[in-house]
Amino acid sequence: MQLNIWKEKLELGIDMLDEQHFEFFKQANKFLIEEKFKHNKKACVESIGFLEYYLLSHFNAEFAFMKESGYPKFRQHQASHNMLKIQAKAMFLKIEEQNYSDKVLKEFEQFLEEWIVKHILEEDYDFVQYYKSLNENEK
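The sequence shown: position 102 = 102 (the numbering used here), numbered continuously.
Since the hints were made in silico from the structure, they are not lab data.
Be a bit skeptical, because a hint or two may be false.
[What the hints assert, rightly or not] Below, simulated BS3-like cross-link-like pairs (lysine-lysine); rule was C-alpha separation at most 27 Å, straight line:
no. : residue 1 : residue 2
1   : K89       : K26
2   : K94       : K106
3   : K106      : K42
4   : K36       : K94
Just so it is clear, the structure is predicted and the values come from calculations on it, not from any experiment.
Build the full structure now, drawing on both the sequences and the hints.
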């Protein structure tokens, strides 16, 4: 996995959600640097802890905006978040059970990459386009 670059096109125009997505990118990159170059278990633990917290707080905030805006794919997006929560929890447990082995950290790296590519860059981006169209229609 490569470091992830935050791009302006990823911004929703909702400061709180944009800040949370930016922080997610920052923490994912921190994990990659610590795991690939420093093999720092403590930093990996911190990054994984952040991502656990992120799942709960960010998904709830995103749901609120989607529901409020009448996003037609709200339930589908919610199901995707629920699946990510289940997958992430299983991955977090596996990491602990395997004592942060190189093999399981590589699996987590793959999980992060899939999360970023599939969820943030595709599914969240779909909401971005919907939300921006609402704002343009109000002008």
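How the hints compare with the structure:
1. K89 / K26: Holds - the C-alpha atoms of K26 and K89 are around 20 Å apart, at most 27 Å.
2. K94 / K106: 12 Å, holds
3. K106 / K42: 16 Å, holds
4. K36 / K94: 19 Å, holds
Going down the numbered hints, you'll see the structure goes against none, and every one checks out.
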